[in-house]
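Counting from 1, position 32 in the sequence shown corresponds to residue 31 in numbering that gives the first Met the number 0; the numbering is continuous, with no gaps.
Treat the hints as calculated values from the structure; they're not laboratory data.
Just so you know, nobody snuck in bad clues.
Here are the simulated distance ranges between beta carbons:
#, residue 1, residue 2, range
1, Ile111, Arg241, 37 to 43 Å
2, Trp238, Ala402, 28 to 34 Å
3, Ala207, Pro359, 25 to 31 Å
4, His338, His422, 15 to 21 Å
5, Asp365, Glu27, 28 to 34 Å
6, Ala288, Ala35, 54 to 60 Å
7, Ala207, Ala402, 35 to 41 Å
8, Ala369, Glu27, 37 to 43 Å
All values derive from a computational prediction rather than experimental measurement.
Idealized CB from N, CA, C, for every residue including glycine.
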Amino acid sequence: MPPVDAAALLRVTREHRDETEACRWLLERVLEEVVALLREARLGAPATALGASLHLHDGAAFRLSLGQERREGAFSADHHASANVWAGLKEHAEALTLDVRARTLRARSGRIEPLDGPRQQTGTILRLTQSKVTHLLGLPLRAPGRGLLGMITVEIACRSAIGRDLGLFSGALGLALDELQLLVDLAALSVALLPPALAPAGPSAESAAHHNTLHLAEQVAPSWAPVGLVGPPGSGRAWLARFIHERSAARPHPLTALDAHRVTPAELDLTLRAPGTALIRDVHGLSVAAQGVLAAWLDDPGPARLIVTTTAEHDLGAILRFDLPRRLKLWDITVPGLHQRREDIPALVCALLADELGRPQAEVSDLLSAEALDVFTHGAYPNHLKDLRAAVGWAWRVAQQQASSAGRPLQRLRAEHARRGLHHLIPAPPAVLDQLRPGARALVERAAELLTAETPEPPRHLHLLALAEGFVGLVVAEALAASADPAEAAERLGLADQVKVGNHLKTLRAAEEKLSRLAARLHEPTPPVLARLHPRRKP
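Assemble the whole structure, with the sequences as input and the hints as a guide.
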């Protein structure tokens, strides 16, 4: 193998300021060196497949992964095997290899440790052998004065080598570990400066409620137990499902999301029989036929990992066929609503804005003023993360429009921008409320408060919730009347699905009916806003 050009590697790693690009570059270079090694050892047969992963900190899951197929074969990751490599790195403090077929851990110094004990279960060994992964190479990620930051694992599948002596490979690999480790140590100078969170943008874990949720998710992820995510819509259940999928043995395969209200029995059966994770949203909405497919799958489980979502208001035992909840044996995880984790909102706003702009979070934090974060933190979000994302997006657009009108660059998102973003969630134009007498206006405002409340009101307030529905109709009517583009106004109100091409008049008529019912209940005349909407409408 040619010697490593240390100066060139150091220069390249310093040039990669973006954490994703730096890590990807590092993994690609390691894979290139391993490919050269396989060719020298004459093990680069058509059945060789490679993959590399970067792990940061003790016990952390895959933060960034790069799968790279060589000719034929498949890349496969295994959480338990990686845990054994990490334990070996901490014990030996040097590069090592895990020989799956021989069930041994070989350190760079030549020391061999058997893995027949409880640290490596027989089931894991068999799964790895069946998936053709025969070796895991572990390289410690070190930095001066920082100790062990993490590791890089290279997974090597050699189908042509199964059934033959793999000692040749281990010996050839040992000759190259010094140069591979030099490559990693040089790149660690850049990786050590990366922020701690390289995971995909998602809910922060600052609050105790969400911290407990993530802890349970990490516990259940390595197993194949079906998981039930219980929480309100918009609380991040889909994100948590992907969080579990990325840390499970099903990770090399796709996560397929299905809507229980729309999925056909054939589509559900096909998904459950394919490798990967099947996510059934709102499982309480499954048809009787689809429930039969799920019951048949439980009789003969396929290779899919099952995750379902539902809400606390739906009792699966009373909705689904009588035997399904008992047979599913769901590991229930409660997903807290946004009002239960307000301390997370500043970090979430930063992550959502970074996602909106396609920029790293470290750069976005300077664009948010403390006053704007305070406004977002104390806002009302009936649809939880969905509303927060919408509010952040609208606040950014308002700030951009103001800066563009003033002919100056946008510097920071201020409190007024955040308030405008929140206003777009449930707009309440004062001009509309002025059409009602003060007593009636107070009742409508109370109904609006109930509509935006974060916790359900007792049953005695149901009549006020009906008024709140009428209030929404009033707002929709005003927004559509004031807008030159009804479709844009409907999208602003979250009604884009209802307002298709040429269909906005139907939505407007429904809004008028709600408004008329509201006025009749309040013993008030219909506000003159309707006259403005349809000046030629017959009485």
